[in-house]
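Here the protein sequences come in this chain order: A, B and C. Numbered according to the numbering used here, the first sequence spans residues 79 to 425. Numbered according to the numbering used here, the second sequence spans residues 79 to 425. Numbered according to the numbering used here, the third sequence spans residues 79 to 425.
Please note that a few of the clues may not be correct.
All copies of an identical chain are treated as equivalent in the list; a pair is satisfied when it fits inside any one copy or across any two copies.
[What the hints assert, rightly or not] When the alpha-carbon atoms are kept at most 30 Å apart in a straight line, the in silico DSS-like pairs for lysine-lysine are as follows: (1) Lys209 with Lys98; (2) Lys123 with Lys392; (3) Lys171 with Lys403; (4) Lys392 with Lys374; (5) Lys101 with Lys374; (6) Lys374 with Lys164; (7) Lys341 with Lys403; (8) Lys363 with Lys123; (9) Lys374 with Lys177; (10) Lys164 with Lys396; (11) Lys107 with Lys123; (12) Lys107 with Lys374; (13) Lys145 with Lys378; (14) Lys326 with Lys274; (15) Lys209 with Lys101; (16) Lys101 with Lys206; (17) Lys374 with Lys409; (18) Lys140 with Lys274; (19) Lys101 with Lys123; (20) Lys308 with Lys409; (21) Lys417 with Lys177; (22) Lys209 with Lys107; (23) Lys101 with Lys140; (24) Lys396 with Lys98; (25) Lys274 with Lys154; (26) Lys392 with Lys98; (27) Lys98 with Lys341.
Worth flagging that the hints you see were computed from the coordinates, not collected in a lab.
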Amino acid sequence: MEFSVEQIALMLGGELVGNKAVKINNIGKIESAIGNEITFFANPKYESFVYSSQAGAILVAKSFEPKHAVNTVLIKVVDPYLAFTKLLEEYHKFLVFSKVGIESPSYQDETAQVGQNSYRGAFSYIGKACKIGNNVKIYPQVYIGDNVTIGDNTVLYAGVKIYANCQIGNGCTLQAGVVIGSDGFGFAPQTDGTYKTIPQLGNVILEDNVDIGANTVIDCATIGSTIIKKGAKLDNLIQVAHNVVIGKNTVIAAQAGISGSSKIGDNSMIGGQVGIVGHIELANKTKIGAQSGVSKSIDKEGLAIQGSPAFDYKQNLKSQVIFKKLPELVKRVEELEEKLINLPATK
Amino acid sequence: MEFSVEQIALMLGGELVGNKAVKINNIGKIESAIGNEITFFANPKYESFVYSSQAGAILVAKSFEPKHAVNTVLIKVVDPYLAFTKLLEEYHKFLVFSKVGIESPSYQDETAQVGQNSYRGAFSYIGKACKIGNNVKIYPQVYIGDNVTIGDNTVLYAGVKIYANCQIGNGCTLQAGVVIGSDGFGFAPQTDGTYKTIPQLGNVILEDNVDIGANTVIDCATIGSTIIKKGAKLDNLIQVAHNVVIGKNTVIAAQAGISGSSKIGDNSMIGGQVGIVGHIELANKTKIGAQSGVSKSIDKEGLAIQGSPAFDYKQNLKSQVIFKKLPELVKRVEELEEKLINLPATK
Amino acid sequence: MEFSVEQIALMLGGELVGNKAVKINNIGKIESAIGNEITFFANPKYESFVYSSQAGAILVAKSFEPKHAVNTVLIKVVDPYLAFTKLLEEYHKFLVFSKVGIESPSYQDETAQVGQNSYRGAFSYIGKACKIGNNVKIYPQVYIGDNVTIGDNTVLYAGVKIYANCQIGNGCTLQAGVVIGSDGFGFAPQTDGTYKTIPQLGNVILEDNVDIGANTVIDCATIGSTIIKKGAKLDNLIQVAHNVVIGKNTVIAAQAGISGSSKIGDNSMIGGQVGIVGHIELANKTKIGAQSGVSKSIDKEGLAIQGSPAFDYKQNLKSQVIFKKLPELVKRVEELEEKLINLPATK
Chain A
79 MEFSVEQIAL
89 MLGGELVGNK
99 AVKINNIGKI
109 ESAIGNEITF
119 FANPKYESFV
129 YSSQAGAILV
139 AKSFEPKHAV
149 NTVLIKVVDP
159 YLAFTKLLEE
169 YHKFLVFSKV
179 GIESPSYQDE
189 TAQVGQNSYR
199 GAFSYIGKAC
209 KIGNNVKIYP
219 QVYIGDNVTI
229 GDNTVLYAGV
239 KIYANCQIGN
249 GCTLQAGVVI
259 GSDGFGFAPQ
269 TDGTYKTIPQ
279 LGNVILEDNV
289 DIGANTVIDC
299 ATIGSTIIKK
309 GAKLDNLIQV
319 AHNVVIGKNT
329 VIAAQAGISG
339 SSKIGDNSMI
349 GGQVGIVGHI
359 ELANKTKIGA
369 QSGVSKSIDK
379 EGLAIQGSPA
389 FDYKQNLKSQ
399 VIFKKLPELV
409 KRVEELEEKL
419 INLPATK
Chain B
79 MEFSVEQIAL
89 MLGGELVGNK
99 AVKINNIGKI
109 ESAIGNEITF
119 FANPKYESFV
129 YSSQAGAILV
139 AKSFEPKHAV
149 NTVLIKVVDP
159 YLAFTKLLEE
169 YHKFLVFSKV
179 GIESPSYQDE
189 TAQVGQNSYR
199 GAFSYIGKAC
209 KIGNNVKIYP
219 QVYIGDNVTI
229 GDNTVLYAGV
239 KIYANCQIGN
249 GCTLQAGVVI
259 GSDGFGFAPQ
269 TDGTYKTIPQ
279 LGNVILEDNV
289 DIGANTVIDC
299 ATIGSTIIKK
309 GAKLDNLIQV
319 AHNVVIGKNT
329 VIAAQAGISG
339 SSKIGDNSMI
349 GGQVGIVGHI
359 ELANKTKIGA
369 QSGVSKSIDK
379 EGLAIQGSPA
389 FDYKQNLKSQ
399 VIFKKLPELV
409 KRVEELEEKL
419 INLPATK
Chain C
79 MEFSVEQIAL
89 MLGGELVGNK
99 AVKINNIGKI
109 ESAIGNEITF
119 FANPKYESFV
129 YSSQAGAILV
139 AKSFEPKHAV
149 NTVLIKVVDP
159 YLAFTKLLEE
169 YHKFLVFSKV
179 GIESPSYQDE
189 TAQVGQNSYR
199 GAFSYIGKAC
209 KIGNNVKIYP
219 QVYIGDNVTI
229 GDNTVLYAGV
239 KIYANCQIGN
249 GCTLQAGVVI
259 GSDGFGFAPQ
269 TDGTYKTIPQ
279 LGNVILEDNV
289 DIGANTVIDC
299 ATIGSTIIKK
309 GAKLDNLIQV
319 AHNVVIGKNT
329 VIAAQAGISG
339 SSKIGDNSMI
349 GGQVGIVGHI
359 ELANKTKIGA
369 QSGVSKSIDK
379 EGLAIQGSPA
389 FDYKQNLKSQ
399 VIFKKLPELV
409 KRVEELEEKL
419 INLPATK
């Protein structure tokens, strides 16, 4: 994972000034970068660092003309900050997709198909009749049950568990310890106080470009599918119950929980530790503040709510402010009562 | 996993009308089922679908006489809906228990005993002196520490981890990523501000027919046992601390947390994201609303509580309604104050 | 794991009275301990048990002279309770560190280095260029990504996952299912409503003597490090987001969540299910009650806060008491209003 400054200049469409053989294998800040690191100069107040920098290379604007000698390679680009961001993205993509090949021992049923350019870490498991696309990265100790399909360019980090019959789209990323397709929590009460298991026969569908955070759990549907739509992003330790549908490009922060059969709209934002009851429907672009408890459907798009139980965000803020001063309010009522006691009787 | 309609009729004690060679490998809805699927007809308003259906077979009532031609096999039973439910249960049981045999590589200490008809997935681990019953299904990447005992007909899905010395009953189901017997959270503060680990030497006991949801954690006792009693059902991502006791047939929803040494009664219902403090005792049949925080013992059976801190459910609802309108209440107090200021002095 | 009473007396610096060949392999309570168990006698009201006890051995005070015959070995020590605690600690340490050797199959890249006296369970994985210290216990199915460093005397229980480039100190304990270094939750909104992944290129640093509970997740930094300082203790199912810093000897209870870039001070105590928003800073010795939501920085040391949103602990208690009786307060306001209606007009 080492690049020459020439390779980097080429990738960014930049012009190189200095020794093109310099090797880079890391990124840094302009005030502290060292010989093997690349950084960028965009904010004029950092200009002095350009002259003192020990970095391997600095991304600078096309128009930048140094006023003093520089000890480092300059790569001139249209927008140094954007170029640096692009560099980070490419580097990250490179890191994520660089693993290729099959480590041993790993397990693959003979009826499973895996596409080209895959990585399969040691102790990974691929069950019967699975269909796995190209450029899929399966880290060590991943479990993929029977009949699972996985699209291209999907990454499953160490220890991901996918139950039988689930479908994972293209370009998805599942962090370590994610569980997809576990049995939904369905138990029918019996007259003797015990519970009987309701069979959970459905699956989970993750559409394309869905990201799932570490140790998050998504239960399979009772019948049919639990669905996470295209582009949704879920953080760590989230609970998604059976038959839930989460809309396109919806973002959910860590430790939120969504109960069975609820439907979340598109482009919504759900805060950390939010709880949503079962069998409700939330309109697109709903925003839910952290730790809120949502107990009712929301028909109107774009509402912001807060609280447990949740209601209008601003109204909740006002009530919270008063809650903090409730003892004061009680005092005011007491004073009123005292005053009225001292009044002459009116009847 | 394909059955002939004749096999299904036999299993349900039904009478077959039509081609007994038809093969079924899935379930469907009466309005959309296709040739390899079975469905049921119970609600008279769906009768027209019986005649148009392309299903492989339909469960119908014994008394049902078609008024038109049907293109599908009919299986006549006493109660079509109950028969369909039974079919789902049998199918589910079949799916869950169909895996048999030992996949390679897997690890079993030579001193461990495993009963008949077991499944042991690749990369599963069975430690020293374990005693594992008949018909136990151990999915890939399961870890079973030393001296663990497991009853008959228990299913451990992929990646379950059971620490040494724990005891799992008959007919239990542990979903993927469950951790049983991790060290309880016990640290003694020292005078220099550091903490010293309190040794956790106990275990966890799951009695019969206990179900545990994905990525839920149950800590071992400091000394003695953390106990989950017969028939209790725990959802995903739940925390059960050291020395907790959970009563028979108690149901706990996802992401709830129970602190050390607390005792939950039998046949209780605990909502999602509930928190329960340590060292308290809750009577049988307690109902706790989602996101509540329980800080005190409850002596009386069958109470319903809500809120953080939790109190009587109905009382809490009333306070919540007023909370929402606190700004209005403040306004009313202000109006009263204004009115009184305008009153003539009374002394 | 069996010791003679002679070995135990030697370890505790005690004086043995009785048969020094007696073997002990467990601990018990004085009222119920049996032949293979050791217990202690410190509280005078339990003296009668000393004479009736069937324990293998009892720790007693140096000054203790039995008034009747005893059927058990006595080990005389300065402080029997402290000696018993020490025994538990030694026994625990022995249990934790007794595993040695490499079980097969396990995976270790040829460029990784592992110190002396290690345990590496079956199906454990050690990536490229890892540096692992002495006396490290790596349980089955642990994943250690490339370039990870681990100090001496650290224990990784079954199924722990550590991403590439993370650094784990000396004397750390990570319970089963812990995830260290998963990608932080960073997504930049695009004009078409989709999100673009922000590359997460940093790592996680656990300093010495850090304990992490089962299934807890600690995300890597975007750039730089997420840091858990020396002696911090984290319970189960906790979420620590990217670039968070947790201070020395800070204790965090189960299911708490800390959002990105927040800094928690030293010697703080954070209750269960607490949520902390991103980009805030909390002073040393802050105490946060369970289920609180912290939305603002705290500058002053040693404050105790509670509530969602959180404020002063005692103030919150007062508000909570009034919240419970809000319907009563409303009634009082109504009564005042009625009284005033009956007053003669004042203008």
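We went through each hint and held it up to the structure:
1. Lys209 with Lys98: neither (45 Å within a copy, 33 Å between copies)
2. Lys123 with Lys392: Neither way: Lys123 and Lys392 sit 40 Å apart in one copy and 48 Å across, limit 30 Å.
3. Lys171 with Lys403: neither (52 Å within a copy, 51 Å between copies)
4. Lys392 with Lys374: both (18 Å within a copy, 18 Å between copies)
5. Lys101 with Lys374: Intra 58 Å, inter 44 Å, cutoff 30 Å: neither.
6. Lys374 with Lys164: This pair counts as neither: shortest intra-copy Cα distance 43 Å, inter-copy 34 Å.
7. Lys341 with Lys403: between (37 Å within a copy, 29 Å between copies)
8. Lys363 with Lys123: neither (40 Å within a copy, 38 Å between copies)
9. Lys374 with Lys177: neither (46 Å within a copy, 42 Å between copies)
10. Lys164 with Lys396: Neither: 43 Å inside a copy, 53 Å across copies.
11. Lys107 with Lys123: within (14 Å within a copy, 68 Å between copies)
12. Lys107 with Lys374: Between copies, since 29 Å is at most 30 Å while 48 Å is not.
13. Lys145 with Lys378: The answer is neither: 58 Å in one copy and 47 Å across copies each exceed 30 Å.
14. Lys326 with Lys274: between (35 Å within a copy, 14 Å between copies)
15. Lys209 with Lys101: between (40 Å within a copy, 25 Å between copies)
16. Lys101 with Lys206: between (46 Å within a copy, 21 Å between copies)
17. Lys374 with Lys409: Between copies only: 28 Å across chains, 35 Å inside a chain, cut-off 30 Å.
18. Lys140 with Lys274: between (71 Å within a copy, 27 Å between copies)
19. Lys101 with Lys123: within (27 Å within a copy, 75 Å between copies)
20. Lys308 with Lys409: Answer is neither: 54 Å inside a copy and 47 Å across each miss the 30 Å cutoff.
21. Lys417 with Lys177: Cα proximity of Lys417 and Lys177: none, with 79 Å in one copy and 77 Å across.
22. Lys209 with Lys107: Classified as between; 27 Å across copies, 44 Å inside a copy.
23. Lys101 with Lys140: Answer is within; shortest intra-copy Cα gap is 22 Å, inter-copy 71 Å.
24. Lys396 with Lys98: neither (61 Å within a copy, 69 Å between copies)
25. Lys274 with Lys154: The answer is between: 26 Å across copies meets 30 Å, while 69 Å in one copy does not.
26. Lys392 with Lys98: neither (57 Å within a copy, 65 Å between copies)
27. Lys98 with Lys341: neither (55 Å within a copy, 41 Å between copies)
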